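Colleague: Chains as they are written, first to last, in the working numbering: chain A, 1 to 259; chain B, 1 to 280; chain C, 1 to 335.
It is possible that part of the hints are untrue.
To be verified - Simulated coverage check for chain A against chain C, where a stretch passes if three residues somewhere in it have a Cβ under 8 Å from a Cβ of chain C:
(1) 48 to 60
(2) 70 to 83
Unchecked claim - If we take Cβ atoms under 10 Å as the criterion, some of the chain C residues that face chain B in the derived model are:
(3) Y56
(4) G57
(5) D145
(6) L188
(7) V261
(8) L263
(9) V266
(10) P285
(11) I303
What the hints assert, rightly or not - Across the chosen pairs, the derived CB separations fall in these ranges:
(12) R6(B) <-> R12(A): 39 to 49 Å
(13) R188(A) <-> A176(B): 51 to 61 Å
(14) A176(B) <-> L263(C): 30 to 40 Å
(15) P75(A) <-> V158(C): 41 to 51 Å
Derived by calculation from the structure, the hints in this document are not laboratory data.
Owing to the predicted nature of the structure, the values given are computational and were not obtained by experimental measurement.
Cβ atoms here follow ideal geometry from the backbone N, Cα and C, with glycine treated the same way.
Residues per chain, in single letters:
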Amino acid sequence: MLQIAQLSAAARGGVGVLRAVSLSVAAGEVHGLVGTSGAGKSMIGRAVLGILPDAVRITAGRIRFDGRDLLGLSPSARRQAGRDLALIPQDPLSALNPSRRIAAQMTDVLRHRLGLSAAAAQARALEMLHEVRIREPDNVLRRYPHELSGGMRQRVLIATAFACRPKLIVADEPTTALDVTVQKQILRLIRDLQRSHATAVLFVTHDLGVVAKICGSVSVLRGGEIVEQAPVADIINHPAHAYTRALFAATPRYDRPPP
Amino acid sequence: MAEAGRRLLRNWRVVLGGALVLAVLLAALLAPVLAPYDPLDQDLSAQLAPPDWHFGADAHALGTDSLGRDVLSRLIWGSRIAVTVAVVAGVLTALLGTALGLLAGFFGGRADALISRLVDIWSSFPPVLLAIILVALLGTGLRSVIVAIVVIDWTRFCRVVRAETLKQRRMDYIDAAVAAGLGPRAILWREVLPNILPLALVLLTLEAGIAVVVEAILSFVGLSISSDAPSWGGMIAEGRGVVHEAPWLLSCAMLVLLATVLGFNLLGDGLKAELDPVLR
Amino acid sequence: MLACRVFARAAQAVPTLLGVAVLVFVLLRVVPGDPVAMMIPPGASAEDVLRLHALYGLDRSIAAQFVLWAGQAMRGDFGISISLRQDVSGLIASRLPATLELVLLAAAIAIALGTALAVFGTRHAGGGGEAAVDAVSGVALAVPDFIWGLGFIVLFGVVWPVLPISGRADPTHTLGLTSHFYLIEALLRLRLGVARDVLAHMLMPAVALALPLAAMIARVLKSSLAEQMGQDYALLARVKGFSRSRVIVREALRNAAIPTVSLTGVQVTFLVGGTVLIERIFSYPGIGNLAIEAVINRDLPLIQGLILTFAVLFILINLALDLSYAALDPRLRHG
């Protein structure tokens, strides 16, 4: 589904952001990208989505998605290829446009990507809000973002991400900005939807506890490089790299009491 | 110091703006020498004569106005009014605004609240309209023009100097001075003021340009000095009236005013860019 | 909700207006200079002068004059202009529409031009397009509207004479309009020839007024657009497959407009103040031009009436700005 090969990127002034990153995600698989902040994990997600900051350039490597080389495409062809990609952003506060109603922000992508009529897009948005277990979805559609709680907003964003039936979703720290109780619900929601829609997910997080719950395989990043890559059970039971062990030491565990 | 001077001269804004301002200053100083004619001399046989470039004894390089007065000479003499207003109004505005800004920023409290409120109210009025109303109250003339400029524009200095003083006051060297036993007045004079000066200089340069335009505007509408005296604004007003017959009159006066304003603006912007690191 | 806010604002404006009226009234009367001096014919006796004073009520105390004036002003009577010997309210009513049309056109040009520059600069951020926008707005800001107006007269009135440089309409035509809102009435009645003529007369003064404001809007809007384009919702919109231009216009513009209105709003009142000068330059028959004549002639009733008119205009502009926040920001509408 997604193959990243030897991807390198640099910020203006030549500072390396990513160094020869390679990874692949199979259809329906959840692949974790773990590392401390600044390790470059979010940059991989943004490179796949084609929304790198203006100051960051890709210097080498390839990104193949669904049989196409994304980096070789023209801007409009790139946007076209993005129809099977979606994003669940980190901060539900700033990821919804404060001046547009929820309905507008959910249906615009459906009309644009799937060519639905206004009424069909509205119906599909309602259906998706049901699926993310939002009560009174038709009421929520009429609301502005500031009238919803953080957890509700994140559900709306998840519903929007799954609405166009993408093949791959980049989830960029989707639970970091939320309360602990809401975090668990949101995580379960993403896992359930991912399974029922058979969507591949590139799951960016700094939290190995979250990785253990949702991911099948994982890449550990440090300073823009992948230091370890393995199925999630192997990483948890026998972390090979010292950095991974350090990350584990810094992560509160849910499955066993802290040492 | 010499190093700073060399760096200033490498900034094209400072060089170009400085050259323009210097040219106006020289014209004002050397007007009796430079001007080929008396600016008030009328030659009713040569009314609205077009510009004439054959350097004879009776040539008018930039033509004449409707009373046959030499345009070039009037422009040169007019620079005296412009420079007078730029310097006097600029310096007075700077003094008033900087003093109030220092007061508000350094002592804070009720003085700050009062002055800041005043600045807010003041700056919500359109300046040109306010100037015209003020001159209406004060009566016409150069002195009223200068008073009007000072009364309207002190807020420009006050606002910026207040903010900068607040910033300086929070810096470590003030604490050090207090620890060394200096009183507030000594700190203000010896520590804060020298750090404010580069900024005040930049603002003064920009204000001088504004003052020149305001004087020209008030002469244009007939509220500054009498229309006989050679002022750029008065020449613009006359040129506007005969723009079809003698477009050079309006064009020349306007271009001289434009060059002066741009000169002050460029110099001010250039100085700001060069002095900023000193302020940090 | 909205009506409440409008009403509260209007109520606040009453003391402001009263303050302005009292202040100007008193100031105008304590400064030296005889307002009827201009009207005194040569060789008039001291008795004649006194009679003139009595005619305009200038022989009473300032407080008595104010009470009399305010009482009449309530009924819309602002007295008789000393220099023009006409009813002040009638004069203002006939000249105000010209100024309002000019201000509206200038504001529209400034907003359209400023927004276009900001969007273009954001679309080409970091490249030559942005540098060009910065250069254009830098020049537009450095040159005062006074000089823009004069420059336009020379360029488009004399060198390449395509536009009229004085007045509001071609005096050789009969307009056949019933109101003083020439442009609006001509457009509504589809008198396109007249509208074209009126518009041609307004174009240069309006652009001269608009340029500095347009440059200011371009600068402020461009930097707030840059901030909005870095927000997650703008990134998400691009992931949704919308082009950069569409994200700027459809998503970011409205949110970026809010800080822009608060930072450049006061400049709109400056635009109204600027008409005083621009109308003079273009011999445009609005209240700005009238104000200068009134000041030159020390025409107290007229100055007083005009200043009050300007004060009302400024209050209305601030009200409009206030309402525009509510229109732009849904959080204010419900909160």
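Colleague: Each of the hints needs a verdict: does it hold here or not?
Modeller: For each hint, the structure was consulted:
Note: the stretch 48 to 60 of chain A has 4 residues with beta-carbon separation from chain C under 8 Å; the three-residue rule is met and the coverage holds. Closer than 8 Å: that is the beta-carbon criterion, and the stretch 70 to 83 of chain A has 6 residues meeting it against chain C, so the requirement of 3 holds. The interface hint given for Y56(C) is broken, as the beta carbon of that residue sits about 17 Å from the closest beta carbon of chain B, more than 10 Å. For the restraint placing G57(C) at the interface with chain B, the shortest Cβ-Cβ distance is roughly 20 Å, beyond the 10 Å limit, so the hint is violated.
The beta carbon of D145(C) is positioned within 10 Å of a beta carbon in chain B (closest approach about 9 Å), and the interface hint is therefore held. Interface hint status for L188(C): violated, as the beta-carbon distance to the closest one in chain B is roughly 30 Å, over 10 Å. Contact between V261(C) and chain B, as hinted, is not supported at the beta carbon level, the nearest pair being about 15 Å apart and thus beyond 10 Å. Of the supplied interface hints, the one on L263(C) is violated, with its beta-carbon coming no nearer than about 13 Å to a beta-carbon of chain B, more than 10 Å.
The interface hint given for V266(C) is met, as the beta carbon of that residue sits about 6 Å from the closest beta carbon of chain B, less than 10 Å. The criterion of a C-beta within 10 Å of any C-beta in chain B is not met by P285(C), whose closest approach is roughly 16 Å, and the hint is violated. Annotation: I303(C) was flagged as interfacial toward chain B, and the flag holds, the nearest CB pair being 7 Å apart, inside 10 Å. For R6(B) and R12(A), the Cβ-Cβ distance of about 30 Å falls outside the hinted range of 39 to 49 Å, so the restraint is violated.
Separated by about 58 Å at the C-beta atoms, R188(A) and A176(B) satisfy the suggested range of 51 to 61 Å. Between A176(B) and L263(C) the beta carbons are some 37 Å apart, a value that agrees with the proposed interval 30 to 40 Å. Between P75(A) and V158(C) the Cβ separation comes to about 48 Å, which falls inside the hinted range of 41 to 51 Å.
Of the hints listed earlier, those the structure fails to meet are numbers 3, 4, 6, 7, 8, 10, 12, in rising order.
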